[in-house]
Every structure is written in structure tokens, then in C-alpha cells.
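Given the sequences, and given the hints that come with them, work out the whole structure.
Residue numbers (the numbering used here), protein chains in the order written: chain V, 999 to 1359; chain U, 2 to 256; chain S, 333 to 623.
Treat the hints with care, as some may be off.
What the hints assert, rightly or not - If we take Cβ atoms under 7 Å as the criterion, some of the chain V residues that face chain U in the derived model are: (1) Pro1114; (2) Leu1116; (3) Ile1186; (4) Arg1197; (5) Ser1205; (6) Val1214; (7) His1215.
Treat the hints as calculated values from the structure; they're not laboratory data. Glycine included, each C-beta is placed from N, C-alpha and C at the ideal position.
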Amino acid sequence: MRIHFKTTYNHDIRLFADRTTFLKYAALLVFAVALPFLIGDFYLGEATNVLIWAIAGLGLMLLTGQTGQVSLGHAAFLALGAYSNLILLDKGVPFIISFPLAGIITGVVGTIIAIPALRLHGIYLAIATMAISILADDIIVLTERWTGGVVGMFPPTIDIFGFEIERWTQPDRFYYLVLFTAVVCTLIYRNLLRSPLGRAFAAVRDSEVSAAAMGVHIARTKMTAFGISCAITGLGGALMGYYSGMVNNETFTIVISIQLLMMIVIGGLGSIHGAFFGAFVVAFLPQGLSIAKGWFGTSSVAIPGLEFGVFGMILVLFILFEPDGIYGRWVKTRIWFELFPFARKDMFKRQKSYLKTERLR
Amino acid sequence: MSLLEIKNITLKFGGVTAVDNLSFSVEEGEVYAIVGPNGAGKSTVFNLISRFYDPVSGSIEFDGHNLLDHPPERIADFGIARTFQNIELFDNASVLQNLLVGRHRHRNTNMIQEILFTPKVRREEIAHREAVEEVIDFLDLQPYRDKLIAGLPYGIRKVVELARALASGPKLLLLDEPASGLSVEETQDLRWWIDDIRKQMGITVLMVEHDMGLVSSVCDRVLALADGAKLAEGTPAEVQANPAVIEAYLGVGAA
Amino acid sequence: MEFLQLFVSGLANGSVYGLIALGFVLIYKATESVNFAQGDFMMFGAFIALWLTNTEYMGLPFWIAAPMAMAAMGLLGYLLDVTIIRRMFGQSQTAVVILTIALGFVIRFFAGVFWGHEPQTLQSPLAVGDVTIGGVVLGMADVTIIVVTALLTFSLFQFFKHTKLGLAMQAASQNQMAAYYMGIPVKRVQGFIWALSGVVAAVAGILFASKGAIDPNAGMLGIKAFAAAVIGGFGSLPGALVGGLIIGVIEPFAARYLPAGYSQMAPYVLLLLVLVFRPHGLFSQVRTKKV
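And the structure:
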């Protein structure tokens, strides 16, 4: 077991708790950078997919895991990010500007949408964002002039000062672009967590009244959370557009919104790790299923809805037996080993809570 | 002038008058208690000061500000911190994080600076942590610093909530039933703490409390409420001897 | 004439939305959370009835099959509560929401495995023939749906208002702990509510499948029922029905009078407008939390 002797306040503030942790993450980053040299193009594509989902997941995690606002409409913001990027490129804006700008546009729109949504809590917010996600499909068709409607748009080759990135022929370059974005988004998330704004998010999540009594501006904090969350999701959406090679009104449906939400729950709400763990499950589930079908000798039989059915079952099991998701399990396992043989079963026990109504009569 | 001055305040829920033309003032440096039977409107007075409710009429002045001109989240900026009757902590955060939220009113950095985690953010962060450590030291919360609230026993949570309020560095501390649910020893600790809060930190305390033992040992003045209106005001001994108070507590004819 | 026919057909669709919304409201009353799988319950109930009735499957008489389907869905609702939902006791609304979304996917998957993905129609005696009222020709199915829905809502409303069990359910939903102390068997009450919502879903499914075809994705209809429940305010049974009828009536008129591409947006736009201007529905119950 490692014991942290804290000698300065920076000990709590800095990114890594100690040298070992730093070395572990450094090794992970080196591994990620070396990945294109270690695996083939197919699996590199899958790794890219994991990272893109993780970026989108980080966006939603900030809103749902950190601030407690459930959104079933984040596919709409993925779409907004993808389309803003492509339309800007279409207008001749270089990628190096259009890509971050797509994130900012999505963030601004998200903040504006948050204003009427501020008064909504829990399920009402979930339903409202769900409606937004459904409407996004229709709006894309209606604004065909810019979005190409049902025909869709085809992302051109990325050009950064003459350095070209073509998603199909140069998967390694595309992978590095995605990896860079993922690292930047993770850093943003981490920085927020260790500063007053991140704590304000958690305060709003856990108790709005006492957050207000402590001087946290509830409305402004929620809007900021929506803004940053949507911006990150928008970046994810822009990358998803490149990854799928084509975007139209059916690329980002309500099902994607739901999948994104389920993904962060499986990964573990409220943790950066959770977004990445969840993305692994989403990206590799189809692979895993086709392998499993091979075992049963039914690999040629297409079973519609199988992927979502299994995904749903995994989620049900997690909510029942490990509400903290894969990350929670990981932490518990790690602590069990660190404390071996002194770990106790009730170490993670929480006080029992009862449902209290929000209704007053 | 008094630190907190409440004048002729009236609050109605539908047809029910919860607070009825109530006036009182709290002087700087004193410990002032509001007592009264259940439903007398004690917590409601706190919620009025916190601006969770809008009164029908009356005024609330604090330190030269008319609180009724400001939204709830501005109240902390004037130097008012509070605890809640049913503990409203941030359950999925650690004790340290809870206390740091208490420092929120001292935040001087903006979103962009925090995203980039500039040196200024770091300096402020260290300053917040120094302030919080003093409170942790004062209330003996060291063993719980990095524990999640969700796993803490009731008594500790009460102390954490007091600590969070203190961390904000208030001029006025509102304590809503600080001793309810505490053991005899814990109540004893609370008594010393309230004494120290007043004497060492120079913080004025306004509290709602049922435990008359605690009230008479730490409070300078007491206000007795019944049905939202003032019944009596004075030193603890005076109020306890007041026939109207005895009647409200024990029923008609008991005196 | 055209107006009236659009109106009646809208009412019939709206009744189905209303019935699904009724399921939302039942669960909401019991657990203060929402069963996002209610639409899929409806779909599954319809498939069970179809499987029992249709000649290519079991070929039972409809009047035997329909009660059996209702009983089966009631059992399913109860079992889901006992095995899964009950473990969520005391967890957040959000967790229950996400759980039921996932359950919806699982139910949809099984429906697809059992009955395939081709749209099928229930061979229902309700769908046969037309009725002429005041010179207007109305489908028998439409009329039956409206009548059955009205009756069901009325009896549920009476049940909650006047029976001991109904009142116990209301009490349990408002404060679980207090209800415990008052001697209300909260868990049993909750199980009963889930069973009841399963039965209501089966009724909705049978009516829906009498009028048109169903496939495993028919549960997505539940999203429109959200609009209905939200308009009704989530706490009110008649409110849910009224909300359903509003959505149902708006749809055919929007399709008739709005330009193509805009009409299908109508229910969702209405939903958002209600949420923005009356965040807790037209029949609001929610106020701020007490501290």
C-alpha cells in the first residue's frame, strides 16, 4: 500500500498524486503514441473509434456525471459539431480553425439551449433533451441547403498547413489527431475538477439549495456545464463525422444519444476513466458479439437488435451490482490488492437513503 | 446599528401565515437563538434570510445591505453562511471538497483561467486550502478529510456542515438545529465550538435550537416564536420564565 | 366531414398515447421515477396477444387471448419489480431512468427474437366494420379504442381516489419512509403498481395492434406518450389521458395543414413548449423542495 505524506498543498492540487501514478500515465501515453506501430490498420481504426467515443463521453460525463443533469439529447450536439465543421470547411475555412470553432459553436448553442432547460429537473430534463435529439433529425432534413439533408455530406481530406490527413488511407495520422484531441479534452476536464468551477458542478449535482447558500450561482453554473459539455461533445461529433466517412440525418439519431448515456453509466459516472472504459465497451461490443456468434456457429446469422439487447443487459447488471460502473469495480479491486489481506467487505458501504418526494402539498 | 435587522416581515403560503409581522435584530458579536414549538416558523425565518422565500412585506437588512434586493446566491457574498435542519451536504464529494465549496464566494478566477489552470488559479487554490485546513483543525475533522460524505455517520456530517459554513469566512453564521440528533458528548463539543466561534473568530451566531440546555449556556439573547409571531425576547432566563412561553410549550393552564 | 374524421382518428391514436402515458403516471406515482420502457411494455403486450390470437400462432379466441395477455403482462411487470426494480430502492431517479431505458432495449430484443421484425396485425374482432354516427363513417376500431380508454382511465381514477389500496399507493409514492412508519407495505404496493402498469400496457398494445401493424420498434411510440404525460403533468391520471388526446389530435391536423417535413415535429415542439412555459405540466403538482 502506498501512503501519501503530503508536505505541500500542491500535493493535492497537481495532476498526479505521486511519482508512481505519473509514471503509469506517462507509460500509458507512450503506449498510445506507439500504438500505430504495434497493431494493424483494422485495430487502429477500432482504437480511433474508442477514443472518439471517449471524447463524446467526456462531454456528456461532465454534464451528467459531474453536474447531475441527465441529457438524452447529446447526439444532437454530436451532429451540430460534425455539421458546423463540415459547413465551415465547405465555406473555405481551414481545418485548423474550423475544428475548434465547431466545438465553440456547439458550446454556444448548448449554452443557449440550457437557458430554457434550467428550470427542468431530472426526468423532465431527460425528456426535453430527448425531444431535441428527435427534432435534430427533422431539422437536418429541413436545412438541406446547408446540410445536404438525406444525401448527407462527405468530409474532405483534412489539411493542416499542407499536412494531409486522409481517414482511410492514413489511419495513423487520423489516429494521432484523435489522440491529441482526447488528451486535450481530458486535461480540460481534469483542470476543471481541481478548480472552483468543477466543485460548483458537484455542488449543483448534490444539493442545489445548499450550493446556492454557499454562493454558487445555480443557473450560471448549469449553463457553463452545458456549454463546456456540448463543446467537447461537438469536437467528438466532428471527429465522428470523419470516422464514418459520411454524415446525414440518420448518422446521429436518438439511439446514439441513448447509447452515449448508457456508455458513461457502464464506464462509471463522474470519472474520467469511466468515459474511456465505457467507450471500450461500446466500440468492442460488436466485435465481441461476432466472435461469440462464431463460437455458437451462428456467425452468418444476422440478429437485429442483438447489440442493443446485450448492451441493455450489461447495463442492467451494472446498475444492479456495480452502480459505480467499471471504474468503481476497478478502484475496489485495486484497493483490495493494495490492502491485502486487510480489505473489508463493508469498506464501500454507503448509508441507506430513502426516496423523498420533491412534491409538496 | 445592528448587524442583522429584520423588520415587520410577513410570509404567507397560500392562505397560511407562516411568519406574522416579525421584527428582531441581532447585534454584532452575540449569539442569538430562536426557540419555539414545531411549526412556529423558526426555519422559515432562516429561509427568508437565505432568500429561498419571498416575504409579502417587511425588510431584512444585513450589514448595510437590503437582502431583499438580492437573489439567494448573492447572500453568501455578504458574509452569511448557514447549515440546514436536515443536513444538505454534497454527498458524492469528499469532506475536503465540501469545505472547498464553502470557499466559493472567494473565487476570483474565471472559467477560461480554470480550464488552463493558470498560476493564479493555483495560488488561489492553495489559499483556499489553507483557509479550509484551519477549519478542519478547529473542528478536529482531520481523520475524515478525504472521506466521502455518503459514508459518514450523522454526527460527523453535522460537524462537516458547520465546517463548510465556517470555511466561507462568514460574519454571520446561521445554525439550524445544530444539536438535533447529537449525543450528549457531541452537544458538549458543540457548546465549546460555538463559544470559540464567537470569541476567537468574532463571528456572530444566529441559531434555531430546541435544546434549552445548550441555548441557555451559550446564548446572549433568545427569541421565542409561536405561530410565526414573536412571543417573547430577552436573556435565556427571562424567556424561560415568561408565562406566555410556558403556556405555548405546555398548553393552556399549565402555568 | 373531413374535419370530424381527422378528429376521431386523432382521438383514437391519442387514446393509445394516453394509455401508455397512464402507465408512466402509475409508475411515477409509485416510485417518483419514470418507466422509459413503458412503450416497449405496450409492444410486448401486443405481441403476446397477437401470438395467442393469430391463426398462424396459437389461434385462441380473442376474448380468451386478450385477458391472458393482460395477465401475462401484469405478471411480467410484477416480476420485473421483484427481481430488478426493487433493488433500486433509495437510488436516484436518474438511475431508474437509465435502467428502464436499458430494459426497453432488452424487451425489444426478445420481441425480435420471438416474433421477428416484420410488421404484423392482430386478428382482432375490434377492427371489423364501420359505424355511422350522424352521417360520419367511423372505423369500429377507433370507436372501441376511445370507449375502452375512457372507461379504463375512469376506473383507475376512482381506484386511486376511493380505495384503501389506491390511497396507500399515493402515500407510498410521496414519502417512502413515512409510509413505512405508517404501516403501509411499501414494497408490496410498489409491486402491485408495476403489475397494474403492465396490464394497462397490454390493453394499450391490444388496442394499438387492432388498429395497425406492430413490430418490435413500435415501442418508440412511447416517446410520443412522454409528450402526453408531460402535458398532463406526470402526476395526474386524467391529465395523462388529456395529454394523449391533445397529441393524438394534433398529429393528423399537422400532417394535413403543415408543409411536409414540419408536421412530424409538432408533438415534440409542443412538448418542448410545455416544458419551457409550464415546466411541470399543465396540471402542476411540483413545488420547490423544502429545507
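Which numbered hints are broken by the structure, listed smallest first?
1, 2
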